[in-house]
Amino acid sequence: MATTSRVKEILGWYESDNPGTKANLARFLNQGKLAGTGKLVILPVDQGFEHGPARSFAANPAAYDPHYHFQLAIDAGLSGYAAPLGMIEAGADTFAGQIPLILKMNSANSLAVQKDQAITASVEDALRLGCSAIGFTIYPSSDYAFEQFEEISELTREAKAAGLAVVVWSYPRGPELDKAGETAIDICAYAAHIAALLGAHIIKVKPPTDHLSLPAAKKVYEEQKIDVSTLPARIRHVVQSSFDGKRIVIFSGGEATTKENLLVTIRGLAEGGAFGSIIGRNTFQRPREEALALLDEIITIFKG
Amino acid sequence: MATTSRVKEILGWYESDNPGTKANLARFLNQGKLAGTGKLVILPVDQGFEHGPARSFAANPAAYDPHYHFQLAIDAGLSGYAAPLGMIEAGADTFAGQIPLILKMNSANSLAVQKDQAITASVEDALRLGCSAIGFTIYPSSDYAFEQFEEISELTREAKAAGLAVVVWSYPRGPELDKAGETAIDICAYAAHIAALLGAHIIKVKPPTDHLSLPAAKKVYEEQKIDVSTLPARIRHVVQSSFDGKRIVIFSGGEATTKENLLVTIRGLAEGGAFGSIIGRNTFQRPREEALALLDEIITIFKG
Amino acid sequence: MATTSRVKEILGWYESDNPGTKANLARFLNQGKLAGTGKLVILPVDQGFEHGPARSFAANPAAYDPHYHFQLAIDAGLSGYAAPLGMIEAGADTFAGQIPLILKMNSANSLAVQKDQAITASVEDALRLGCSAIGFTIYPSSDYAFEQFEEISELTREAKAAGLAVVVWSYPRGPELDKAGETAIDICAYAAHIAALLGAHIIKVKPPTDHLSLPAAKKVYEEQKIDVSTLPARIRHVVQSSFDGKRIVIFSGGEATTKENLLVTIRGLAEGGAFGSIIGRNTFQRPREEALALLDEIITIFKG
Amino acid sequence: MATTSRVKEILGWYESDNPGTKANLARFLNQGKLAGTGKLVILPVDQGFEHGPARSFAANPAAYDPHYHFQLAIDAGLSGYAAPLGMIEAGADTFAGQIPLILKMNSANSLAVQKDQAITASVEDALRLGCSAIGFTIYPSSDYAFEQFEEISELTREAKAAGLAVVVWSYPRGPELDKAGETAIDICAYAAHIAALLGAHIIKVKPPTDHLSLPAAKKVYEEQKIDVSTLPARIRHVVQSSFDGKRIVIFSGGEATTKENLLVTIRGLAEGGAFGSIIGRNTFQRPREEALALLDEIITIFKG
Amino acid sequence: MATTSRVKEILGWYESDNPGTKANLARFLNQGKLAGTGKLVILPVDQGFEHGPARSFAANPAAYDPHYHFQLAIDAGLSGYAAPLGMIEAGADTFAGQIPLILKMNSANSLAVQKDQAITASVEDALRLGCSAIGFTIYPSSDYAFEQFEEISELTREAKAAGLAVVVWSYPRGPELDKAGETAIDICAYAAHIAALLGAHIIKVKPPTDHLSLPAAKKVYEEQKIDVSTLPARIRHVVQSSFDGKRIVIFSGGEATTKENLLVTIRGLAEGGAFGSIIGRNTFQRPREEALALLDEIITIFKG
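Residue numbers (the numbering used here), protein chains in the order written: chain U, 6 to 309; chain V, 6 to 309; chain F, 6 to 309; chain X, 6 to 309; chain B, 6 to 309.
Possibly wrong hints are sitting among the right ones.
It does not matter which identical chain is meant; a pair holds if it fits inside one copy or across any two.
[Said to hold, decoys possible] With a straight-line cut-off of 27 Å between C-alpha atoms, the simulated DSS-like cross-links for lysine-lysine are:
(1) K224 x K308
(2) K38 x K223
(3) K27 x K38
(4) K211 x K251
(5) K224 x K27
(6) K230 x K264
(7) K264 x K223
(8) K264 x K251
Honestly, the hints are just simulated from the structure, not real lab data.
The following block holds chain U by itself, in its conformation from the complex:
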């Protein structure tokens, strides 16, 4: 299909990137049911690494098979599929060229003592497996934040030189941040901004609450009357915080929840100008037909 003017506009924002990286970004934007709209819905499956296989897949045992997820993402008309090395290796040949892939470079796990992530893949792996992007999680505010920033910086440099795109999951956490702080609007906007500053092409954050965590920030938000009263307002603020909307920012659907709750969130994201969503557990832990129907509703919302 011809590239739409919206896709061209979005690619134009990444003006220092080489044509290889732009072509890979374009693959996400031209894929599936949202092709050409500038919106993205991505399936991430790093749940097995983070929570172990049973917590991830026992609810829908077909999902133990790595092929299941490739097929689900393709059949649902999604924009891309993200997973750690082993999961990608297990299907990259069968589904070669059928959906843009994000190789998740680092992963946490529930067994770990350190609340860090280990780097378990390389840019060379991404190339040999035909991925369009690398994915990386940072934990701003954690003990490991600086090390992670330096890791993603090196990987980003390598990835961009090789014409790949970079997706950053930015999840604030750490000793000085309480649970409410992790999704506070000031923190979430800050996390998105840090990812943009690190050179991310696609930024993934959690939907923020109206909580304000940092006293210094709270003061400014109040003085400047920044509207954080509704989810759309908050999303708008996070998008603005990402280079005035010139970086693709997508949001998770949050914890596994009811369909109705999830769709309320998605409508809020869409209204606030989010570029889309990353939906993991909420899809692959449901039976396949139910997941396909749900994803179709989500896509319809983003199509607007």
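Given the coordinates of chain U, assemble chains V, F, X and B onto it according to the supplied hints.
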């Protein structure tokens, strides 16, 4: 011998690997008495590194000689032999081409203060010594887990580019895991899954008990009614957790024990669909003729 | 199978090689119907590069398919299969681990202006494709001979360090050698000796005639009464010229010819102590069943 | 001199090594008064690094001069001389080709905060200085053990590729090992075994006492009735623990002591089948003539 | 044995070389029956490469076996053995450490169109095979001379850094040099001087005749009354031309000839102050006992 359809099916699961790696995987699957069945029995001798020479070999002093183990593995019709650098160097020329070798890249030792493993070999060593695979141990949940994940990721990349296979021993342990937790079924399944996600071709874990260690996992196992009541059921769950059975998962025979106890375990493994076993102490600490007879019984069980 | 004492003796001649290279040599010696005998029959298919597809495959169109040749070599119980990069790539996955492969590193072609060979593969290719050896053609006496010697020297060093074996096709030709000279016994023995001096593990030459080409050599052959009167005598001399028989020397079956002529040659090779034969056109240009029957007769002759 | 059958037998144990490494091993075995016997007496002078100059050399001030030690080793008919970079550099030219040299790659020092060793030389240094081997100390059981294992693994790979031999001093120490444990027979045998597993050609340990340190080991020694009652019995056990006697194991003479005590130890080593001894302080801290006489007595004992 | 003052004096001339290179030079000077005298007799076997196997070995068929030459050089008490890669590889393990080896890096062959030499080995090969020196032939005055000078310059730099010695065969030939010119005294002295200028440690030239080839040189020889009337006088002049005798210059015995002619030449060399001889065909083309007797006479002459 011609490659059987079962071996072809298994090789097909490793769809992103190059023919070099598949040829080396095929060497294990086409070797010895289990050739063509898709089952593997491997002799590992890193006991000397882990427990010292007397605890490993005094019960059967012929085993002090590195050649003893090569010859035992060949005469027993096993699928492969795994050992650290020095042991492989001491026999790789005499037994060149007679049995597929796994160069154990890291090793623990009982003298060590750190409960980690040191890397004591390289992919170049594996090539010059004619090995078909590298072997590596990870300790998920330990203080060293992330460092180990990053080490094995790098070695895996190098090994795969050179056409070698990768065998990962996944042994959870660490400050937050009690003794029962180390072999709990949820932990063991998780450990196997992590190895698969790290890109392992062959995964080695311990036979799990019916204990459930992580509260969050326990809840899911109970809700989802995952059967962990018998060894075969648990093995089936671990195999399922390894990409729905699309990765080779083998199990240790456990601590040195009586022949009868060992055979009960082996029967449980076989019934549960394990791809085979790694049997160290239980063989080389017995007199040679007894070990050969025992291995023959084990092989017969796996042949089914 | 257990390595025979003959195979062990042969491996012992390659005393400066690492166990990796010996294991790969052993793979050829332990393969197929001649396993353990110290004899080799190898199928080479670089004919398409040298003469073009129609001249190579039109006589037996099934042979246009690269899989045809892998399958033929396996079904005939041959010791190995040699071909250029593209041919190996086209079947290395399907037939992984089923027959030892020789990656032909350089190739001539009938379209070429220069009567040289281009290097079209690397040691890394050999590793990723699971090959056991690299193959290389030299043209002693040609304008390109020295360049070729330097190329094979470098590739040999790399291959040996990576545990691969080296097969050298030594085909004298050039401006000062007439057609009769190319297969003269003095030239052929010299060509085999050069390959041995370059570090080849397996040497491939053409069956020599009783012609003597170099005047200085002719004088010595006559003075020393070197018997070159029969094919067996000449083969014996070529084998002696290859480090007194301590390098594997194999011979082509010569031009495409009648079955009877070919078998006469093979009997001469076997009687003279050749280590075997490389048979290309004489097999794949015949119908498959006829080729299999012919190869079986050849193997029976070498079995003695 | 012609290589004796004993030397050939010993070289044969290092079956995966290249001829360069074997030639350098042969240099030690063919040197001095013990040439051809398979026994070695080596002079090490890293005392200055470890204890400072006065503690090392004030008792015999001639020993401040690096040339003194080269000359002593040569005049005494020893098998080799080992020292850190500076000491080797200070005499390697004057004594070029007169005695095989071991370049000590790491060294401890009494000023150090960390009870580790610093790497102070490289394989390239060993080549430019004409050394036949690199030497390296590991401290199994120390906080630095794993780092040291990884360092020696890399240096060993480099050294072997360059045709050098590798000598490992294996000295257990660390927070969980009391003074008696450092020379306990189970620990000493374990230390020798670890060095063998790391790929050492020559292993140097301290003469063990009959103490048993690790409870798990103690149990096995008692159950298996391993004789540790006399020094010869213990030496025999350490040699057995080093690949059933297929690695060269040599022992220090222990702390500086009286001549009589030292000779008692040496006789015990010889009777137990030690491959020889490393004698430092006990020689160069005595007047030269006395040291020469003492070394002659030691050599006579090892000659048997 | 202790290094003699003569050997120390000779090593002192190579004042910019590192101790590694000096130790390797010392190995030649301390080997065999001439050990310590400063004289060398070396066995070179690159005849097979240059003239083919029959012309080289048919006169004494035992010599087809590479081991024959190692053993001959050792049994005759020679100073070293030089051969191309394949010949060295075929015996370097069996004879490890028994005689210093020179790896011949380039070789000519009678089949070649170009009157050049191909580089067929590397410094890495020399190290892994335990060689003490690399050997290289240059053809001053040939079309290939400059290329050869540049090749040996690079190899020399590498060899010296790795502690190896460099032996240069300097054989003038080329379009502007007639047959008589190739061994003319002015040309021969010039050839030795060029080798010295290129950094050779040991220079090998042919015994010169009293012919003077270059008109400009002829004029000087006559004006300066340089004595070239006898072989000893000419040898003295060649030695003087090699840094006033401060480089080791050795001479071939010339074409295969009668024993008496050869001994006359050897006496001339010795009288003129040659450092020794390289004797190939004149030894290995004779029956072994005859060769040993001849070499003993030659050695006796050089011992003086």
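To see whether the hints hold, each was checked on the structure:
1. K224 x K308: The answer is neither: 37 Å in one copy and 38 Å across copies each exceed 27 Å.
2. K38 x K223: Neither way: K38 and K223 sit 40 Å apart in one copy and 38 Å across, limit 27 Å.
3. K27 x K38: both (20 Å within a copy, 23 Å between copies)
4. K211 x K251: Within one copy, since 18 Å is at most 27 Å while 33 Å is not.
5. K224 x K27: Neither way: K224 and K27 sit 39 Å apart in one copy and 42 Å across, limit 27 Å.
6. K230 x K264: between (33 Å within a copy, 24 Å between copies)
7. K264 x K223: Intra 33 Å, inter 25 Å, cutoff 27 Å: inter-copy only.
8. K264 x K251: neither (31 Å within a copy, 32 Å between copies)
Hints 1, 2, 5, 8 from the list above are not met by this structure, while the remaining hints are.
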